[in-house]
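S.K.: If you read the sequences in order, they're chains A and B. Each residue of the first sequence is one higher than the last, beginning at 983 in the working numbering. Each residue of the second sequence is one higher than the last, beginning at 983 in the working numbering.
Where hints are given, some of them may not hold.
If chains are identical, the list can't say which one is meant, so a pair holds when it fits in one copy or spans any two.
[Stated by the list, open to error] Straight-line C-alpha distance at most 30 angstroms; calculated DSBU-like pairs for lysine-lysine:
no., residue 1, residue 2
1, Lys1365, Lys1013
2, Lys1321, Lys1400
3, Lys1321, Lys1013
4, Lys1013, Lys1142
5, Lys1015, Lys1321
6, Lys1015, Lys1415
7, Lys1415, Lys1282
8, Lys1318, Lys1256
9, Lys1243, Lys1015
10, Lys1256, Lys1321
11, Lys1416, Lys1015
12, Lys1115, Lys1256
13, Lys1256, Lys1243
These are computed hints drawn from the structure, not numbers from a lab. No experiment lies behind these values; they were computed from the predicted model shown.
There are 2 protein chains.
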Amino acid sequence: MEIGSSSHEKVELFGRGWWWLKALAMQPAEKLKAMIVGVVQKIIEVGKDDPRRVIHSLKVGIALTLVSLIYYFRPLYDGFGAAGMWAVLTVVVVFEFTVGATLGKGLNRVFATLLAGALGVGAHQLASLCGHKGEPIILGLSTFLLAAASTFSRFFPRIKQRYDYGVVIFILTFSLVSVSGYRVDKIIELAHQRLSTIIIGGLTCVTVSIFICPVWAGEDLHHMVAQNMEKIACFLEGFGEEYFSRSPEDGDNPVIPKNQKPFLEAYKSVLNSKATEESLVNFARWEPGHGRFRFRHPWKHYLLIGTLNRQCAYLVEALNGCINSKIQAPSEFQNKIQKACTDMSLECGKALKELALAMTEMRQPYLADPLVESANNAASDLKATLKTAFLENSDLLAIMPGATVASLLVEIVHCTEKITESVHELANLAHFKKLDPTNTPEKPHLLHRGTIKPVSGDESPHVVIIIPDPPATMTDIANPTDHECVNKITNIQTTQETQNCIIIKS
Amino acid sequence: MEIGSSSHEKVELFGRGWWWLKALAMQPAEKLKAMIVGVVQKIIEVGKDDPRRVIHSLKVGIALTLVSLIYYFRPLYDGFGAAGMWAVLTVVVVFEFTVGATLGKGLNRVFATLLAGALGVGAHQLASLCGHKGEPIILGLSTFLLAAASTFSRFFPRIKQRYDYGVVIFILTFSLVSVSGYRVDKIIELAHQRLSTIIIGGLTCVTVSIFICPVWAGEDLHHMVAQNMEKIACFLEGFGEEYFSRSPEDGDNPVIPKNQKPFLEAYKSVLNSKATEESLVNFARWEPGHGRFRFRHPWKHYLLIGTLNRQCAYLVEALNGCINSKIQAPSEFQNKIQKACTDMSLECGKALKELALAMTEMRQPYLADPLVESANNAASDLKATLKTAFLENSDLLAIMPGATVASLLVEIVHCTEKITESVHELANLAHFKKLDPTNTPEKPHLLHRGTIKPVSGDESPHVVIIIPDPPATMTDIANPTDHECVNKITNIQTTQETQNCIIIKS
Chain A
983 MEIGSSSHEK
993 VELFGRGWWW
1003 LKALAMQPAE
1013 KLKAMIVGVV
1023 QKIIEVGKDD
1033 PRRVIHSLKV
1043 GIALTLVSLI
1053 YYFRPLYDGF
1063 GAAGMWAVLT
1073 VVVVFEFTVG
1083 ATLGKGLNRV
1093 FATLLAGALG
1103 VGAHQLASLC
1113 GHKGEPIILG
1123 LSTFLLAAAS
1133 TFSRFFPRIK
1143 QRYDYGVVIF
1153 ILTFSLVSVS
1163 GYRVDKIIEL
1173 AHQRLSTIII
1183 GGLTCVTVSI
1193 FICPVWAGED
1203 LHHMVAQNME
1213 KIACFLEGFG
1223 EEYFSRSPED
1233 GDNPVIPKNQ
1243 KPFLEAYKSV
1253 LNSKATEESL
1263 VNFARWEPGH
1273 GRFRFRHPWK
1283 HYLLIGTLNR
1293 QCAYLVEALN
1303 GCINSKIQAP
1313 SEFQNKIQKA
1323 CTDMSLECGK
1333 ALKELALAMT
1343 EMRQPYLADP
1353 LVESANNAAS
1363 DLKATLKTAF
1373 LENSDLLAIM
1383 PGATVASLLV
1393 EIVHCTEKIT
1403 ESVHELANLA
1413 HFKKLDPTNT
1423 PEKPHLLHRG
1433 TIKPVSGDES
1443 PHVVIIIPDP
1453 PATMTDIANP
1463 TDHECVNKIT
1473 NIQTTQETQN
1483 CIIIKS
Chain B
983 MEIGSSSHEK
993 VELFGRGWWW
1003 LKALAMQPAE
1013 KLKAMIVGVV
1023 QKIIEVGKDD
1033 PRRVIHSLKV
1043 GIALTLVSLI
1053 YYFRPLYDGF
1063 GAAGMWAVLT
1073 VVVVFEFTVG
1083 ATLGKGLNRV
1093 FATLLAGALG
1103 VGAHQLASLC
1113 GHKGEPIILG
1123 LSTFLLAAAS
1133 TFSRFFPRIK
1143 QRYDYGVVIF
1153 ILTFSLVSVS
1163 GYRVDKIIEL
1173 AHQRLSTIII
1183 GGLTCVTVSI
1193 FICPVWAGED
1203 LHHMVAQNME
1213 KIACFLEGFG
1223 EEYFSRSPED
1233 GDNPVIPKNQ
1243 KPFLEAYKSV
1253 LNSKATEESL
1263 VNFARWEPGH
1273 GRFRFRHPWK
1283 HYLLIGTLNR
1293 QCAYLVEALN
1303 GCINSKIQAP
1313 SEFQNKIQKA
1323 CTDMSLECGK
1333 ALKELALAMT
1343 EMRQPYLADP
1353 LVESANNAAS
1363 DLKATLKTAF
1373 LENSDLLAIM
1383 PGATVASLLV
1393 EIVHCTEKIT
1403 ESVHELANLA
1413 HFKKLDPTNT
1423 PEKPHLLHRG
1433 TIKPVSGDES
1443 PHVVIIIPDP
1453 PATMTDIANP
1463 TDHECVNKIT
1473 NIQTTQETQN
1483 CIIIKS
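All chains, please: the whole structure from these sequences, using the hints.
M.R.: Spelled out as C-alpha cells, the structure:
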C-alpha cells in the first residue's frame, strides 16, 4: 500500500483502502482463513529467524509499562506533572535492539538535553536584557543560527557516526527551552523536570536492555564477521567438487539445481555487509565490557577484517561466474589443474573455517597457519604443473576458463593469508586465549594439521594431525571443533606413528 | 572524544575535557590559530563537497524559526497552548535532507498520530468502563500489548523500509494519549491540539523543503546510478593503456603512482553503493512528480541497474588486482591479446559512458548499442586470436595473468550488455525521449557511432559517425555530449564521404 503525496493520490488510497475492506468482508470464509494463516506464518517466520526479536518486543512493552507507572502513581505524578510525558517519549525513541544503540542514544539524549537546556536558559536570560521588543528577535535569531550550525555539523562523518541523535536533541531542546521560556516563567524548574524525566526514561531503557536478555552489538559484530568468513569458507570447500565434477558438455545444466545448494549462494550476503558492520562498530563502542569482551575491545579492527572478507567475496563472486559459465575447459587441461585447484580451494576454506571458529571461541588462530601453508603449497604445485604443461589437442581459447579459475584461486589464497594475518592481529589486540596444551579440560587440542605425501608410490596424501599427548581412545583425539576430522577418525582406520603424531589414511 | 558508559569513564571524560580546555587556554596563539584554521578548512571542505548541505542547514533554521512564531504571536499561542511545542518537535525530527525523506516522515507522523490517537481515546473509553481499579490495569495491558506488537512489526522488511518511523510515532502517541488520558479530562481537545500542531509542523517542513532549493531523492538516485556507471567507465577506458603500457619488468613499480590516477580508484565507491541506493529508492517513492520525473517513475528499476553496476564493479575489482599483480605475462603473449583486450575495455567504457549520458539527458540510449557491438566484436576477435595462438617460448604459467585479464574482460562485456539492456528497459518504462532527427535544436544529434576497418592496407580503423544532415561547419557536427569526438574533429583532418556519414581518420 502506498501513501502518495498528492491529494489525488490520497483519494485513490482511501478508495483502495475502502475497496480492500469491502473485499475482505465479502471474502469467502476459506480465503479469509488462508490469508490469516499466511500472515501468521510470516510472523512465525520472522520470529524464528531471530527469536531475540520477540524478546526485544516484549522488553519494549515492559519498559513502556514501567515508565507509564509515573502517571498511575499520584506521588510521582505530582512531582513531575506533565513532564512525565518525556519519560514515555524517551523510552519509545531511545529503546533500540542492541544495548550499544540504546546506550548511545540514551547518553546522547541526556547530555544533549543538559547542554542545550543550559544554553537555552542562557539565551533566554540574554534576550530578557534586550527589552520586550528585542526579546523575540534575539531568541528567533539564536534559534535560527544554532539550528543551522548544528544541522550542518551533522554532515561531518565523525559527528554523523556517533553523535547524530545528540545533535537532533540539542536543536530540539534548545528551541523548546529558549522559545517556551518566552511564556513560561518557571523555566529552570521546567528544564529540571524535563531532564530528570528524560534520565528516568533513559535509565529504564538501559536497565531493561542490559538486564533482560541483553543483545550486545559487539557480540553480534563479532559473530557476524566470523559467520561471513564461514560463508566464504563453505563456498570454497564446495567449489572444487562443484566445478570439476561437471563435464564440459554439462554446460549450464548442472545435475542439481543451484538453489538446492545453499553453500554456493550464502557468500552473497558478505558482498553488502559494509553498512551493517559499520553501524554495529559504532554501537559496540558505546557498550561496557560484557561477557568475554572488555570495555575497550578493539572494535575498529573488525572493520579491517570485514574489508578483507569482502575483498575475498568479490573474488568468490568472479569464481561463481565461472561455475555458471557455459564454456568449460577441455577435460585434458582440467585434469591437470584439478588436484591443485581443489586443494587450494579446500585448504583456504578450511583455514577460513578455522579462523571463524577461533574467533567464535576467542582463542589464538594458530591452527589456521598450517592450513594456509597447505593452500600456499597447492598454489606452488599449480604453478609447477603449469610451468611444465604443454597443450596437445586444445588451443589457448579452450583453456581460458580453467586458467581464470586457477588464477582467481591463487588470488583467494593471497586474500586468505591477509585475513589470517588480520585475525592474528585481532587475537593479539584483544588478548584471545592461547592454546595451552597442559590445560586441556577433556580432550587434547589439535596442535597441527596438514597433509603429507608418501615419498614413493601412487598413494594419495595422508592427513596428519599432531596432538600434545597420546589419547586413551580414538575418539579422544578429536578436537570437538574439527568435525570433519571426527568423521574421518571414526570412519577410517588410523595408525599411530609417534607418540603424538597420528596419520589418517585418506 | 568518547563518552563512555561507566561512571569511571564519565569522570575520565570530565577530566579529559578539563585538561583539553586548560591546554586550549595555554596554547600559544599560533597553535590556536592553526587549530581554528584547520576546523574552518574542514567546514569549507564539507560545504564545497555538496553546497546543498549549507542550504539545507539554512532551511532547517528557517522552518524552525517559522514554527516558533506560534509562541511569539499571542493569538496563535492562546489557540494551541503548550501543544505548540509539538510543532517545534515535528520540525526538528521530520526535516530531512531530501524532499522524499521529509515527506515520508511527515506523512508517517501525521497518519500514525491520527490512528494512534483514535485508538488511544478508544482504549481510554474502554478502560473507564472498568471502574477505578480496573482502569490502570486495562490501560497498562493495552499499552504493553500494542507496544510489543508494533515493535515486532518493525522487523518485517516491508514495514521497516517505508513505515518504520510511523510505527514509532504510533507507539508514542498511543502511550501518551491512553496514559495521559488517565489524568487529563479534556482528552479529545488534547488530541486535536496535538494533531493540528503536528500538521502545522509537518506542512512547514514540507513547504520549506519543496519550495526552497529542493533536494529530490529521486534526482539524486538517478544521478548516482548514472555516475556509478561513469566511474566504472572511467576505469575501463583507462585500463588498456594502464595495463599494457607496463613492461613485465615494471613489476609493482608503475611509472606514475596510483594515487595520481583517480580514475583507477573511483569505481571502489560503487562496490558499497547498495544501502544508499535502497534508501534513496524508498525516499523517492514518497516524492511527487518533479522536474523530468513523473510521480510513478519506475524507481524500483534503479535497484536492478544498481545491482548490475555492482556486478560489473566486482569484476573491475578483480581486474584491478591484475594491474597490481607483480607477475605480468610475457610480451609475446601480451602483444597478441593487447589489441582485442584494449578494444573490449575501451568500447565497454564508451558504452557505459554513453549509457550514463543518456540517463542524465533522459533520452533513449540507442547510441550505446553500436559500442556494445564493437565490444562484442573485439571479444570475438580475441577468441579468434586465442584459437589460432600457439606458444613459442612461454609456458602456461607465464600466460596466466594475461589470460585472466582477457577472460575478466569478456565477462565485463557480458555485464555491459546486461546493463545496456536494463537501461533500455528503464528508458521504455520511464518514457525517455526518443532521438528525433527532425527536431534538433542547435546541433544535429549523432545517429550512429562506430569504427570501420579499411578493406585493404595496414591503416588502423576509422571512427565513423552518422548524422542526420550535413553540417554547415565542422564544429556543428559534434554532439556536445561526445567530448572525445569534439576533440577528434577539431584536431584531426576529416573527410566527408557521403551526405550524412563522416569518417574521421584516427
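S.K.: Between Lys1415 and Lys1282, at a C-alpha cutoff of 30 angstroms, which is it: within one copy, between copies, both, or neither?
M.R.: within (20 angstroms within a copy, 49 angstroms between copies)
S.K.: Tell me, please, which holds for Lys1416 and Lys1015 at an alpha-carbon limit of 30 angstroms: within, between, both or neither?
M.R.: neither (58 angstroms within a copy, 50 angstroms between copies)
S.K.: Reference check for the pair Lys1243 and Lys1015, CA-CA at most 30 angstroms: within, between, both, or neither?
M.R.: neither (34 angstroms within a copy, 63 angstroms between copies)
S.K.: For the identical chains here, do Lys1321 and Lys1400 meet the 30 angstroms Cα criterion within one copy, between copies, both, or neither?
M.R.: For Lys1321 and Lys1400, only the intra-copy Cα distance (24 angstroms) is at most 30 angstroms; the inter-copy one is 35 angstroms.
S.K.: Within a copy, between copies, both or neither: where do Lys1015 and Lys1321 come within 30 angstroms Cα-Cα?
M.R.: neither (56 angstroms within a copy, 66 angstroms between copies)
S.K.: Cα distance capped at 30 angstroms. Does Lys1115 pair with Lys1256 within a copy, between copies, both, or neither?
M.R.: Answer is neither; intra-copy 53 angstroms and inter-copy 53 angstroms both fail.
S.K.: Is it within, between, both or neither when you check Lys1015 against Lys1415 at 30 angstroms Cα-Cα?
M.R.: Close neither inside one copy (55 angstroms) nor across copies (48 angstroms); limit 30 angstroms.
S.K.: Since the copies are identical, ignore which copy is meant and state whether Lys1013 and Lys1142 lie within 30 angstroms (CA to CA) inside a copy, between copies, both or neither.
M.R.: between (48 angstroms within a copy, 27 angstroms between copies)
S.K.: Checking an output row: Lys1365 and Lys1013, CA cutoff 30 angstroms. Within, between, both or neither?
M.R.: neither (64 angstroms within a copy, 58 angstroms between copies)
S.K.: Under a CA distance limit of 30 angstroms, which applies to Lys1321 and Lys1013: within one copy, between copies, both, or neither?
M.R.: For Lys1321 and Lys1013, neither the intra-copy (57 angstroms) nor the inter-copy (64 angstroms) Cα distance is at most 30 angstroms.
S.K.: At most 30 angstroms between C-alpha atoms: does Lys1318 with Lys1256 qualify within a copy, between copies, both, or neither?
M.R.: neither (38 angstroms within a copy, 40 angstroms between copies)
S.K.: As a check of your reading, is Lys1256 near Lys1321 (CA-CA no more than 30 angstroms) within one copy, between copies, both or neither?
M.R.: neither (34 angstroms within a copy, 37 angstroms between copies)
Checked against the numbered hints above, the structure breaks hints 1, 3, 5, 6, 8, 9, 10, 11 and 12 and satisfies the rest.
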